[in-house]
Amino acid sequence: MSAEPADPVLELDQLSLSFGGLSALSGLDLRVSDREVVSVIGPNGAGKTTVFNVITGVYQPSAGDVRFAGKSIAGQPPHVVAGLGVARTFQTLRLFMNMSVIENVMAATYGRTKAMPWESVLRLPRARREEREVRALAEEVLSFFGQRLAGYRWDQPAYSLSYANRRRLEIARALATRPRLLLLDEPAAGMNPAETHEVTELIGRLRDERGVAILVIEHDMHVVAGCSDRVVALDHGVKVAEGGFDQVASHPAVVEAYMGRHPEDLAEAAE
Amino acid sequence: MSVESQGPQVGADEWVARQAHRREYLPSWLGRAQRAGERVGWWPRLAVAGLAGLVLPLLGIGGFQLQVGIDALVIALLAVGLNIVVGWTGLLDLGYVAFFGFGAYGYALLSSAQIGTTGIHLPYYLSLPIVLIGAALLGLAVGLPSRRLSGDYLAIVTLFFGEAFVEFTNNVAPSKLGGPNGITSIDPIKIFGIQLTTNASYYYLLVIVLVVTMAVLRLLDTSRTGRAWRAVREDPLAAAAMTIPVNRVKLLAFACGAMVAALAGTIYAAQQASVFPTDFDTPILILIYAGLILGGAGSIAGAVTGALVVMVIYDGLLRSPAEASYLFYGLIVLTLLAKLRPWRRLALVLAATVALGFAAHAIAAAISASAVAGGPQSGGWIADALRYWVIVPANAQVAGNFGFVVLICLLVALVQVSSRWRTILLPPTLFLASFVWETRLVVEPSITRQLMIGAILIVMMNARPQGLLGQRRVEVAT
Amino acid sequence: MSFFFQELVNGLTTGALYSLVALGFSMVYGVLKLLNFAHGDVYMIGAYVGFFVIQWFGGAAHVSIPVPLLLAIMFVLAAGLCGGLGVAIERFAYRPLRDAPRIAPLITAIGISFFLENAVLLLFGTQYRIYNTPEFISLSSGIRIGSVTIDSVQIMVLVLSVVLMAGLQLLVNRTKWGKQVRAVAADREAAEMLGINVNFTISMTFFLGSALAGVAGVMGGLLFNQVTNTIGFIVGLKAFTAAVVGGIGSLPGAMLGGLLIGLAESFTIGYISSTYSNLLVFALLIIVLLVRPSGLLGRAQLQKV
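Protein chains in written order, with the working numbering: chain U, 1 to 271; chain D, 1001 to 1478; chain X, 2001 to 2305.
Bound-form chain U, shown alone (with noise of 0.2 Å):
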């Protein structure tokens, strides 16, 4: 076994954005190893999304550094980063809604495909191959979800979807990017008790079954509590606390954010 410690999935260094005279976010250090499930929490407007958004591409940090694998990318346009290896989910649920279930999947497989158009339409061998590969890579995500993304759904348009399997295929479509990190926005939002149980569960078996490290931003404190390997509490852009769930939610500031000033509520909630 190798003594050098491997260089963090994702570590975001003194990370800072401001918008005009807004900070969005102030100094933000973080770190997320392989198979890791690092759950951001902290009340709205703290800065969670901002951070995904600063990941990914969509935002160019004012100061700081993003570091992929070791390397920094921030600044990186979306695409590029998404193609080396950070998929997202969103917060408002952003599918292609128009488009198949399948293709949806398949759809974000482009960054990984390499066939021209010309190639394409003459069906060359390359094409054909990868055309098969994607399929069967699309396939393979969405059983993933067992009966809920099942067989007879693939070729209905996504609108048909029910807002929970919405949610799940929008998660099928960050896995077909095979990605390394997975940023998980608010995905129990708007969810029962019992989808939100399964989310969960998916969470932790993402990690354990397909080895992604996986970023997660939830309001709910049972998701939380049970898939976090570590928790980071944000507010107005910075980090006020890191660690498990039970220290975290009981750290003062951290319960101030949310609460003002009445801790018993929020301990009830880890149980």
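Any given hint could turn out to be false.
Pairs of lysine to aspartate or glutamate, DMTMM-like flavour, derived with a Cα cap of 20 Å [said to hold, decoys possible]:
| # | chain 1 | residue 1 | chain 2 | residue 2 |
| --- | --- | --- | --- | --- |
| 1 | X | 2033 | D | 1235 |
| 2 | X | 2033 | X | 2135 |
| 3 | U | 71 | U | 11 |
| 4 | X | 2179 | X | 2189 |
| 5 | X | 2033 | D | 1038 |
| 6 | U | 71 | U | 13 |
So these bits of chain D aren't anywhere near chain X, every CB distance computed over 12 Å [claimed, not checked]:
| # | residue |
| --- | --- |
| 7 | 1040 |
| 8 | 1115 |
| 9 | 1205 |
| 10 | 1369 |
| 11 | 1384 |
| 12 | 1418 |
| 13 | 1450 |
For the chain D half of the interface with chain U, some residues (derived, Cβ under 7 Å), not all of them [to be verified]:
| # | residue |
| --- | --- |
| 14 | 1036 |
| 15 | 1039 |
| 16 | 1196 |
| 17 | 1198 |
| 18 | 1218 |
| 19 | 1220 |
| 20 | 1224 |
| 21 | 1225 |
| 22 | 1228 |
| 23 | 1234 |
| 24 | 1241 |
| 25 | 1243 |
| 26 | 1405 |
| 27 | 1474 |
Please keep in mind that the hints were generated in silico from the structure rather than gathered at the bench. Fair warning: this is a prediction, and the values are worked out from it, not measured in the lab. C-beta: ideal position from N, C-alpha, C; glycine also.
Place chains D and X on chain U using the hints.
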């Protein structure tokens, strides 16, 4: 998990999912034909359509009709190319006709006596690739603003570009580009040793080229490129997050669309044997759009069908007043049949219209002879049938103009009012429509057909935005 | 040097005209996020209205009423009819499509523009209609500064434009109705929930914008003399460019943009050649869109991801 015939359940969406997804087929027997066609498969349908196209002239169409066919096929080819940019990638390119012009002018310059003393007379198999590559580069150039511009702005910029092309060919380097007089004496196309000189030959060439282009585009649509284009239309931000290089994909769409348009341009230039700047102005662009919108943006078959329908009506309307009238009255009757339910209401409206007409005509004739002195201008048996129904005064123009304005106001009102008022307003509106048709519209077919194109765009977007063969889109407000 | 000032005057005059039309574009874009392609054709109809008023009162050479009264009738009638036309277009074509994907109202607007141009062709024919302004307004009663002439028509155009633009600014910034317009432009659903009658506000916006375009149409007829069914197209494009250059959605921006486009056009015609004036306007548009997409006075739109 058994879900057959369980009906809708709370918490289980399998039943919903199992219904055929909500495609809005065309009504009644057209929809049945559509579903049957879908079961057959895309490639067999293309083969059937292609064969039908090839066989059509053998059924005895000639002369004028062949020219209509050629024009229709050119517009169909352009619509299919525009579909790449607008239908698949969702970029509103209002300067598309400039690529058509580029192709035509490019071929005209390379294969005619225009340049130098005797001209460059490149054979088609050389000038076509050169023109296509040039068009692709031009498409890339025009597409560059799309990196930063949203839909509306891109539309205006491309519109400007289209205008710039017309001004350019009109004003710049008249000795080389021919100025307003264009370029004439363009070489005919010569491929595989055959020189195409007759209209029929160009017709067959166009059918073959169109079928091949449709096939190529179908192959593209079902590949990673097509998926990327459509993903960019759905949500460019999400597409980028899913490894799709959005800007490159948009540029590719522009380039491909430009190449198809340029291809159409070369054939057009060869068949016409001349090109003029006004051949590539806004009215032609609107024609292409009308065809694409009518047929259904996003669908290859839709683009072709819509373009063919539009062009047959557009050119056919010029042919004879009688035929135009069949179309006009036929359309009205069909719309009434389709939209007026139940049967009693339809019968009531028709009866009232007929009665109103005869009564009005009789009253007008009693008041003044000159009020009904002119006859219906349609010609044919329609004119005879309407002679004592529609009022056509001796000096029809001014009255007809007034009637036109009133008719527009009535139509606007018809859309706004409630159902009962609509039934009451319909008979006078129909009578007035016939009046305006007989006095003005049928007399000025070149303007009427333009009005019809504008009306197609307006009506389609309001009534059936996905077009005849398109699929209804779901857009999530972001 | 006097040539420069003469071109400056000409540019400001046409610029004022473009500003009036650009204001309509900007207002409608502000409340509906829609590019009203048919707006240029409303200008064209205004020009025709003015022409027919002149004919009604005896024609350019034998006007039967005092000229100031004639002009007043022309402007008021054009404003009223065009305003009404704008409201009708909105109710008929754009309102049903308010929640449709953005391409639908755009295509409809193109259809309306095309339809209007051809309807005018059907009604009034292809011949150019000539205002013959010098016949009823003595151009010599203008101002002369050195060798620079500002004729009476130009003065009237400038003064009227300033008055109208000032009036609009007052209306939008100081009245309750103006506040409603700004609210609807900011967030239509929220405005509705606050009790603002959104449909009425939008209709009024269209009325005002189209009325201004109608007035500009009469001015155009007086300045440029020739009226035909296609004048709306180019003026519309230039007015749109003006609105974008100034910052779409911003009224002062539209005014500024209009002046800039008018001046640019005027100086190009004067110093280079009239063939390139349209191309230059196009170039201006491209440059502004690439360098500063929100325009000179506009605010950048932030998109929440």
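Checked hints:
no. : hint               : result
1   : 2033/X with 1235/D : 19 Å, holds
2   : 2033/X with 2135/X : 43 Å, violated
3   : 71/U with 11/U     : 9 Å, holds
4   : 2179/X with 2189/X : 15 Å, holds
5   : 2033/X with 1038/D : 38 Å, violated
6   : 71/U with 13/U     : 12 Å, holds
7   : 1040               : 31 Å, holds
8   : 1115               : 23 Å, holds
9   : 1205               : 31 Å, holds
10  : 1369               : 27 Å, holds
11  : 1384               : 26 Å, holds
12  : 1418               : 15 Å, holds
13  : 1450               : 4 Å, violated
14  : 1036               : 19 Å, violated
15  : 1039               : 14 Å, violated
16  : 1196               : 26 Å, violated
17  : 1198               : 31 Å, violated
18  : 1218               : 9 Å, violated
19  : 1220               : 6 Å, holds
20  : 1224               : 5 Å, holds
21  : 1225               : 5 Å, holds
22  : 1228               : 5 Å, holds
23  : 1234               : 4 Å, holds
24  : 1241               : 5 Å, holds
25  : 1243               : 3 Å, holds
26  : 1405               : 41 Å, violated
27  : 1474               : 4 Å, holds
In summary, the structure is inconsistent with hints 2, 5, 13, 14, 15, 16, 17, 18, 26 from the numbered list given earlier, while agreeing with the others.
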